[in-house]
Amino acid sequence: MDYTRQEMMAIATGREIKDGEMAIFGVGLSMLAGYFAKRNHAPNIRDLTEGGVYGAFPVGGLPWGIECNRISSNAVSFTNAIDALGFLVASGRCDVGIIGAAQVDKYGNVNTTGLWADPANSRYLPPKVRLNGSGGANEIACGCKRFIIMATHEKRRFVEKVDYISSPGYLTGGNARDRYNFPGGGPSVIITSLGILRPDPVTREFILTEYFPFSSVEEIKENTGWNLKVSPEVRVTAEPTPEELENLRAVDVTGALRKKS
Amino acid sequence: MCRKVMPMAAAAELVKDGQMLALGGNALHRTPAAYAHALARLKRFNLKIAGAAPGYASDVLCAAGAVDTVYFGFFGFENEYGLAAGFRKGCQEGRIKAIEGS
Chain A
1 MDYTRQEMMA IATGREIKDG EMAIFGVGLS MLAGYFAKRN HAPNIRDLTE GGVYGAFPVG
61 GLPWGIECNR ISSNAVSFTN AIDALGFLVA SGRCDVGIIG AAQVDKYGNV NTTGLWADPA
121 NSRYLPPKVR LNGSGGANEI ACGCKRFIIM ATHEKRRFVE KVDYISSPGY LTGGNARDRY
181 NFPGGGPSVI ITSLGILRPD PVTREFILTE YFPFSSVEEI KENTGWNLKV SPEVRVTAEP
241 TPEELENLRA VDVTGALRKK S
Chain B
1 MCRKVMPMAA AAELVKDGQM LALGGNALHR TPAAYAHALA RLKRFNLKIA GAAPGYASDV
61 LCAAGAVDTV YFGFFGFENE YGLAAGFRKG CQEGRIKAIE GS
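Protein chains in written order, with my numbering: chain A, 1 to 261; chain B, 1 to 102.
Treat the hints as calculated values from the structure; they're not laboratory data. Remember, predicted model here, so these are calculated numbers, not experimental data. Where a beta carbon is used, it is the ideal one built from N, C-alpha and C, also for glycine. Do not take every clue at face value.
Mimicking DMTMM-like on lysine to aspartate or glutamate, the simulated pairs with C-alpha atoms at most 25 Å apart in a straight line are [said to hold, decoys possible]: (1) A/K18 to A/E233; (2) B/K97 to A/E219; (3) A/K259 to B/E80; (4) A/K155 to A/E233; (5) A/K161 to A/E219; (6) B/K89 to A/E219; (7) A/K155 to A/D95; (8) A/K259 to A/E154; (9) A/K161 to A/E205; (10) B/K4 to B/D68; (11) A/K161 to A/D200; (12) A/K221 to A/E246; (13) A/K229 to A/D178; (14) A/K259 to A/D2; (15) A/K128 to B/E93; (16) B/K48 to B/E93; (17) A/K128 to A/D95; (18) A/K161 to A/E239; (19) A/K128 to B/E80; (20) A/K155 to B/D68; (21) A/K128 to B/D17.
Some chain B residues well away from chain A (every beta-carbon gap over 12 Å; in silico) [what the hints assert, rightly or not]: (22) C2; (23) A12; (24) L14; (25) A34; (26) A52; (27) A53; (28) V70; (29) G73.
Taking beta-carbon pairs under 7 Å as the criterion, some of the chain B residues facing chain A (in silico) [unchecked claim]: (30) Q19; (31) A27; (32) Y35; (33) H37; (34) D68; (35) T69; (36) R88; (37) C91; (38) Q92; (39) I99; (40) E100.
If we strip away everything but chain A, and leave its shape as in the complex, we get:
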């Protein structure tokens, strides 16, 4: 079957969303994955973006941002970030969020702030590479009952410890997160461009549970910056069905996910 790696990634993410849930999507790939789920198997999700666009479906392809006309034009309600992040997410009502990551570590902590030559002093020195900041991802990571992380699987992104925690995962593992009384439960899954990682229920370390049909356990281990544990029940992810591809491409009409594989 003809599909790209990014399409597999979006479909795998969409499969994580169940019908009827309240779901919040970040910019880009996560939005395509979310609206794909809405069209494919979850028509009754209560979807929103950080900008407060509620109950929309994109028109004309990948939205340019969280308040883009491509989604705001047919939204049920177009409110604001305070309603979306402040009330719906921070109160713990939101079931699931989808965020991206520049760097992610083995406990699902996400860095979108910057990269430092000496990460131990990151608060006091200028970064080597300044990234764009967490935006609403920190609220989603703290407030949603669970959240999904999407990231390209590369060694420089999948690191032992992130340079800076922009959006908290399980912090140092185990029950470290409980100390902070976040309303949300933490990351449930990391969907990468090669496979799927889920947290161990006790240590909260992310382990490999599925690999995509075009990848392998070896390839994934090679592209991970820590010694990735592999689940004994590791299996290959089901290929996208023709219906799934058709529904994804109905959202991604401009082919943003088909440009490169």
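Put chain B on the given structure of chain A with help from the hints.
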């Protein structure tokens, strides 16, 4: 009644060195681009910028060297337009202090 309509250049003159500006819009959407261009021409210094998701207009001022502090949640252009080059360079060279909150 007080008349607020004025030429762009005169409006830009209202902002002095060291002041804090709240610039509206979100990334590439609805940012006051023409105003940022007019203000950048005046070569102001030590401006402070506050915004939820500053984008193009704020980046023009960062690139012009007019900004020393930014208070923000997200600073970039979103999607394939990526990171804001002026802000990024300023931060990496230590000219701009980034106060990221969310």
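Point to revise | B/A12 remote from chain A - nearest C-beta pair above 12 Å | key: holds (26 Å)
Review point. Does A/K18 pair with A/E233 here, judged by a C-alpha cut-off of 25 Å?
Key: holds (23 Å)
Review point. For the pair supplied as a hint, A/K259 and B/E80, is the alpha-carbon distance within the 25 Å limit?
Key: Measuring from Cα to Cα gives roughly 12 Å; hence the hint holds.
Point to revise | Given hint A/E233 paired with A/K155 - CA-CA distance at most 25 Å | key: Since the Cα atoms of A/K155 and A/E233 sit roughly 24 Å apart, the hinted pair holds (cutoff 25 Å).
Review point. Under the criterion of a CB-CB separation shorter than 7 Å, is B/H37 in contact with chain A as hinted?
Key: violated (21 Å)
**Study point:** When the least beta-carbon distance from B/E100 to chain A is tested against 7 Å, hint result
**Key:** holds (5 Å)
Check your understanding: Within 25 Å, alpha carbon to alpha carbon, are A/K221 and A/E246?
Key -> violated (32 Å)
Practice item. Go through the hint on B/Q92 and say holds or violated, using the shortest Cβ distance to chain A against 7 Å. Key: Holds: closest Cβ of chain A sits about 5 Å from B/Q92, inside 7 Å.
Review point. Per the CB criterion, is B/Q19 less than 7 Å away from chain A?
Key: violated (23 Å)
Check your understanding: Is it correct that the beta-carbon of B/A34 has no partner in chain A closer than or equal to 12 Å?
Key -> holds (20 Å)
Check your understanding: Do the alpha carbons of A/K128 and B/E80 lie within 25 Å of each other, as the hint requires?
Key -> holds (22 Å)
Point to revise | Distance restraint between A/K161 and A/E219, which requires alpha-carbon spacing of 25 Å or less | key: OK: A/K161 and A/E219 at ~21 Å, within 25 Å.
The structure shown violates the earlier hints numbered 2, 6, 7, 10, 12, 17, 18, 20, 21, 26, 27, 28, 29, 30, 32, 33, 34, 35, 39.
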